[in-house]
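The listed protein sequences correspond, in order, to chains A and B.
The first sequence begins at 288 in my numbering and counts up one residue at a time.
The second sequence begins at 288 in my numbering and counts up one residue at a time.
Hints may contain errors.
Some chain B residues well away from chain A (every beta-carbon gap over 10 angstroms; in silico) [what the hints assert, rightly or not]:
1. N433
2. G508
3. G626
4. E686
5. R764
6. E777
7. I791
8. G795
9. K797
In silico contact screen, one side only, chain A against chain B (beta carbon under 8 angstroms); selected entries [said to hold, decoys possible]:
10. I559
11. P699
12. C776
13. M779
14. A780
Pairwise CB distance ranges (calculated) [to be verified]:
15. F770/A to A761/B: 40 to 46 angstroms
16. S328/A to A312/B: 21 to 27 angstroms
17. A761/B to D708/A: 53 to 59 angstroms
18. E749/A to R392/B: 17 to 23 angstroms
Derived from the structure by calculation, the hints contain no laboratory data.
Given the structure is predicted, the values throughout are model-derived calculations rather than measurements.
Beta carbons: idealized from backbone N, C-alpha and C, even for Gly.
2 protein chains.
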Amino acid sequence: MAESGRQGRRRQRRSEDRDVSGLNAAYMRMRNPFAPQSVYSADEIAAIHDGALRILEELGIRVLLDEAREILRLGGALVDGGSGMVRIGREMVSSALASAPRSIRLRAANSDREQDYTLGTMLFMAGAGCPNVFDRDRGRRPGDFNGYLETLRLQQSFDVIHMHGPSVEPQDVPINLRHYAMMRGQLENCDKPLFVYSRGRQQVEESFEMIRLAYGLDEAGFTDGVWATTVINSNSPRQLDVPMSLGIIDFARAGQMSIITPFCLAGAMAPITVSGALMLQHAEALAGITLAQMTRTGAPVSYGGFLSNVDMKSGSPAFGTPEHIRASVGSGQLARHIGLPWRSATGAASNCADAQAATETVMALWGAVLGGATVTVHAAGWLEGGLTLGYEKFILDIEALQTVAELSRRDPADAASLGFDAVAEVQPGGHFFSTAHTMERYQTAFYKPLVADLSNHGTWIENGSLTADQRATAVWRQRLAQFSPPAACEGMAGKLDSWVQDKISSGGAKPED
Amino acid sequence: MAESGRQGRRRQRRSEDRDVSGLNAAYMRMRNPFAPQSVYSADEIAAIHDGALRILEELGIRVLLDEAREILRLGGALVDGGSGMVRIGREMVSSALASAPRSIRLRAANSDREQDYTLGTMLFMAGAGCPNVFDRDRGRRPGDFNGYLETLRLQQSFDVIHMHGPSVEPQDVPINLRHYAMMRGQLENCDKPLFVYSRGRQQVEESFEMIRLAYGLDEAGFTDGVWATTVINSNSPRQLDVPMSLGIIDFARAGQMSIITPFCLAGAMAPITVSGALMLQHAEALAGITLAQMTRTGAPVSYGGFLSNVDMKSGSPAFGTPEHIRASVGSGQLARHIGLPWRSATGAASNCADAQAATETVMALWGAVLGGATVTVHAAGWLEGGLTLGYEKFILDIEALQTVAELSRRDPADAASLGFDAVAEVQPGGHFFSTAHTMERYQTAFYKPLVADLSNHGTWIENGSLTADQRATAVWRQRLAQFSPPAACEGMAGKLDSWVQDKISSGGAKPED
Numbered sequence: 288m289a290e291s292g293r294q295g296r297r298r299q300r301r302s303e304d305r306d307v308s309g310l311n312a313a314y315m316r317m318r319n320p321f322a323p324q325s326v327y328s329a330d331e332i333a334a335i336h337d338g339a340l341r342i343l344e345e346l347g348i349r350v351l352l353d354e355a356r357e358i359l360r361l362g363g364a365l366v367d368g369g370s371g372m373v374r375i376g377r378e379m380v381s382s383a384l385a386s387a388p389r390s391i392r393l394r395a396a397n398s399d400r401e402q403d404y405t406l407g408t409m410l411f412m413a414g415a416g417c418p419n420v421f422d423r424d425r426g427r428r429p430g431d432f433n434g435y436l437e438t439l440r441l442q443q444s445f446d447v448i449h450m451h452g453p454s455v456e457p458q459d460v461p462i463n464l465r466h467y468a469m470m471r472g473q474l475e476n477c478d479k480p481l482f483v484y485s486r487g488r489q490q491v492e493e494s495f496e497m498i499r500l501a502y503g504l505d506e507a508g509f510t511d512g513v514w515a516t517t518v519i520n521s522n523s524p525r526q527l528d529v530p531m532s533l534g535i536i537d538f539a540r541a542g543q544m545s546i547i548t549p550f551c552l553a554g555a556m557a558p559i560t561v562s563g564a565l566m567l568q569h570a571e572a573l574a575g576i577t578l579a580q581m582t583r584t585g586a587p588v589s590y591g592g593f594l595s596n597v598d599m600k601s602g603s604p605a606f607g608t609p610e611h612i613r614a615s616v617g618s619g620q621l622a623r624h625i626g627l628p629w630r631s632a633t634g635a636a637s638n639c640a641d642a643q644a645a646t647e648t649v650m651a652l653w654g655a656v657l658g659g660a661t662v663t664v665h666a667a668g669w670l671e672g673g674l675t676l677g678y679e680k681f682i683l684d685i686e687a688l689q690t691v692a693e694l695s696r697r698d699p700a701d702a703a704s705l706g707f708d709a710v711a712e713v714q715p716g717g718h719f720f721s722t723a724h725t726m727e728r729y730q731t732a733f734y735k736p737l738v739a740d741l742s743n744h745g746t747w748i749e750n751g752s753l754t755a756d757q758r759a760t761a762v763w764r765q766r767l768a769q770f771s772p773p774a775a776c777e778g779m780a781g782k783l784d785s786w787v788q789d790k791i792s793s794g795g796a797k798p799e800d
Numbered sequence: 288m289a290e291s292g293r294q295g296r297r298r299q300r301r302s303e304d305r306d307v308s309g310l311n312a313a314y315m316r317m318r319n320p321f322a323p324q325s326v327y328s329a330d331e332i333a334a335i336h337d338g339a340l341r342i343l344e345e346l347g348i349r350v351l352l353d354e355a356r357e358i359l360r361l362g363g364a365l366v367d368g369g370s371g372m373v374r375i376g377r378e379m380v381s382s383a384l385a386s387a388p389r390s391i392r393l394r395a396a397n398s399d400r401e402q403d404y405t406l407g408t409m410l411f412m413a414g415a416g417c418p419n420v421f422d423r424d425r426g427r428r429p430g431d432f433n434g435y436l437e438t439l440r441l442q443q444s445f446d447v448i449h450m451h452g453p454s455v456e457p458q459d460v461p462i463n464l465r466h467y468a469m470m471r472g473q474l475e476n477c478d479k480p481l482f483v484y485s486r487g488r489q490q491v492e493e494s495f496e497m498i499r500l501a502y503g504l505d506e507a508g509f510t511d512g513v514w515a516t517t518v519i520n521s522n523s524p525r526q527l528d529v530p531m532s533l534g535i536i537d538f539a540r541a542g543q544m545s546i547i548t549p550f551c552l553a554g555a556m557a558p559i560t561v562s563g564a565l566m567l568q569h570a571e572a573l574a575g576i577t578l579a580q581m582t583r584t585g586a587p588v589s590y591g592g593f594l595s596n597v598d599m600k601s602g603s604p605a606f607g608t609p610e611h612i613r614a615s616v617g618s619g620q621l622a623r624h625i626g627l628p629w630r631s632a633t634g635a636a637s638n639c640a641d642a643q644a645a646t647e648t649v650m651a652l653w654g655a656v657l658g659g660a661t662v663t664v665h666a667a668g669w670l671e672g673g674l675t676l677g678y679e680k681f682i683l684d685i686e687a688l689q690t691v692a693e694l695s696r697r698d699p700a701d702a703a704s705l706g707f708d709a710v711a712e713v714q715p716g717g718h719f720f721s722t723a724h725t726m727e728r729y730q731t732a733f734y735k736p737l738v739a740d741l742s743n744h745g746t747w748i749e750n751g752s753l754t755a756d757q758r759a760t761a762v763w764r765q766r767l768a769q770f771s772p773p774a775a776c777e778g779m780a781g782k783l784d785s786w787v788q789d790k791i792s793s794g795g796a797k798p799e800d
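Generate coordinates for the entire structure from the input sequences, incorporating the hints supplied.
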């Protein structure tokens, strides 16, 4: 944005007015501080990659959109029009992988919020796509526009959330008008990289148009940068439906980013072994990446993995299990094998923000971090495997994300930090409270908890014996009460009002399915 | 034990009778599946190590026990008898590090439970030393012998706990008789490597004697193997008190293992920076290791680190914070720098088994795992920073430990596991439930949760909307109800009864302080 002339400079100045010093600034640009881990040998990763190529070459993938099949046919794929099956040769995949960018600049209304989406960057996105919301004040209820807006504002309120996601499905807005409401919500309240659902060509194009209107971009200026991201879920196994195929094509043509994310549940829609499910995930992701690159060479795409196991008792997806962690680390190995940035996810199956939910999400978070995920989706607020966005869970997860974020800052170990003189000053058995070394640092030395209460048992009892989820209610309430849109959103309503009114009057745009 | 003749063979057979197949066997011998991480550069680690050597050389450490000062003086240290200060040269430290063993075989009543205590091994020990206990049935109460025994039995019940620890302080047993009760508890209920408190020479010697009696070992047979472990906490900063100095000496002489663990809270008993606190921790640990090696060359010792920050609001120790994780990974770097196995710890400051408690412990667990800790202490059950052992928290933590334990097993990625044929068999958009590949594996494919409930919201409500800690109550109840001592404990009471009665009659042994 800073590069785009007068308006860019104006926004740049505004964003400097905002307090981006201290901890928050550190949260806004994060590198993964850990070396990526491996759960498979290099040979095994090569075998999984080769198996995926064989799937595409020998078995093929069913593509339900004629236009997508035609693009792939022109790129060299073998297409069976009757069954919709498309067989993609390995040289096509290689060529797609060669042209897919390794690093993608995600643009944002606030240039401080822009991100380099690449291996090594560490980004978090909130829980997305939830049909229900829950908070302790109002209970569990179907997602509505108010819930969408509130959780969007919570996303904006924490710097450790880097990309916006459609946290809650606003089911009180008619489906043909919903994309207007969702885009307005983002444009009027948020200044981070935006999300657009792939729910058909017209909705996508109109969402792009709203971004152009809002940010004062012409078609070329828009296409030249990545202003919107979508998530593409294949219908595992081996199927790409109409809206998903359209999404890949439309985002590629417009130069916007698709995150190609098969949702493979081992033992259900994928082989029951983690390695086998990874092979299927890899095949489907490669098919989507190939379609994007055949649509437009160099189109911004991300590898994606969302692979876990099903609970054998309930059939529900599991999160933070050994299989989930293994799959995340393995997905990271596959992403590095092909050299592309990638998306992972956390989540929780728990029905409430209890110890199970925390364990699931924190375990899954470490899987994503150790897998070197570029972005970790559903990183805050998911309950019930994504059926509910919990406000308290969101706040509790922010604490976990901030903990990891702090680790992305290097801790100094120079002579001044080591403080040999302070050690010399304090007598054996004494304390460091009043040393100059402590006094100079005590206000910023440690992470300040958001929800964690470290008071002793007596004080905790006196204060009402509140559990962490009970305390989290006050945190989201306060954040919402003090919310005001960031500077970049100033005057946004005026820019969009009449355009949106016109669209609504002409009946909106139905999603495709 | 297997090597020790007739009796050893008998135990060996018994342990084979026990079901050690499947998952449990995998939990009993674990290697850390992750590459150790770094938070400091090699130069920074060298600087921290050097700073620690300077502390010992230039500032010294106060040693309150005459005998320990004399051992160090004979080893070349400069001793000031008046102040108790001992200055230890770096050549003494080098020589101690050269003679400290890199790998220590921990012996156990059940030879299947023996462990190689070395870098790369991954062991867990339950929360230890708690003055209170809590469970949802009986509430919070001072630790008593029943609580000690029950939590010891819970330790024995889960294979993912590898070494016994004194979970609860049995305050209803007089302090001069307490070590008899604690040792009997372990010897009559447990078959894993044992823990002995360093509370004075007589208590330690009598505890050793009970092990010899119980396992039929003569003095030489006992000294020849490591049958007992103790934890030595220095009184940071730079002080080693009488019972701790005695413990190092007595364990070294008897060939038993001391885990030298300074408990350094950054900003309180240590410099406020993590790097500075690590420097102090390292100095104190090196002093203890040196005392052990000067006492007996080759004595089994472990490096130890228990370093976190204090909460600036309450002054309480914090767990699972960024500073705690950083300190654990940094401690691992220092341990590898000197080549010794090492001990880390998890823990929780939370007052109840809620989402905060889970986040704290799981975060801290990953710090220990990524630091490559040989043993992680307090890994199950700690609440209130160790002031309370929570039964439900214990069970919830076991789930987290089992999750990590599962990851220590390699996931196969050979052709049969990948299941290309299964992928070929399932049509696009279909499912894998009934493929042969799934059917052959579904019973063992995934980790089976201990407490996690993955049922959907409706079912969860029908079942009473129980939180994880509420469900955990049933788990510990059932484990205690079905507990029976392992085969190795058979006839143990008979071996100990009269000896212990004699000791009690003659008044027991007071701890030293």
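Each hint tested on the structure:
1. Against chain A, the non-interface label of N433/B holds: every CB pair exceeds 10 angstroms, the least being about 21 angstroms.
2. No Cβ of chain A approaches the Cβ of G508/B within 10 angstroms, the least distance being about 39 angstroms, so the stated non-interface status holds.
3. With 10 angstroms as the threshold on Cβ separation, the claim that G626/B sits away from chain A holds: the shortest Cβ distance comes to roughly 20 angstroms.
4. The claim that E686/B lies off the interface is violated: its Cβ sits roughly 7 angstroms from the closest Cβ of chain A, which falls inside the 10 angstroms cut-off.
5. For R764/B, the condition that its CB be more than 10 angstroms from all CB atoms of chain A holds, with the nearest at approximately 18 angstroms.
6. Interface exclusion of E777/B from chain A stands, the closest Cβ pair being 35 angstroms apart, more than 10 angstroms.
7. For I791/B, the requirement that its beta carbon stay farther than 10 angstroms from each beta carbon of chain A is met, with the minimum near 34 angstroms.
8. Against chain A, the non-interface label of G795/B holds: every CB pair exceeds 10 angstroms, the least being about 30 angstroms.
9. For K797/B, the requirement that its beta carbon stay farther than 10 angstroms from each beta carbon of chain A is met, with the minimum near 23 angstroms.
10. Hint status for I559/A: holds, given a least beta-carbon distance of 5 angstroms to chain B, under 8 angstroms.
11. Hint status for P699/A: holds, given a least beta-carbon distance of 7 angstroms to chain B, under 8 angstroms.
12. Proximity of C776/A to chain B is violated relative to the hint, the smallest CB-CB distance being about 31 angstroms (cut-off 8 angstroms).
13. For M779/A, the suggested interface contact is broken, since its CB lies about 36 angstroms from the closest CB of chain B, more than 8 angstroms.
14. Contact between A780/A and chain B, as hinted, is not supported at the beta carbon level, the nearest pair being about 37 angstroms apart and thus beyond 8 angstroms.
15. The hint said 40 to 46 angstroms for the Cβ distance between F770/A and A761/B, and at roughly 42 angstroms that hint holds.
16. For S328/A paired with A312/B, a C-beta distance near 23 angstroms keeps the hint of 21 to 27 angstroms intact.
17. Under the hint 53 to 59 angstroms, the C-beta atoms of A761/B and D708/A, about 55 angstroms apart, fit the expected range.
18. With their beta carbons about 50 angstroms apart, E749/A and R392/B fall outside the hinted range of 17 to 23 angstroms.
Consistency note: the structure conflicts with the earlier hints numbered 4, 12, 13, 14 and 18.
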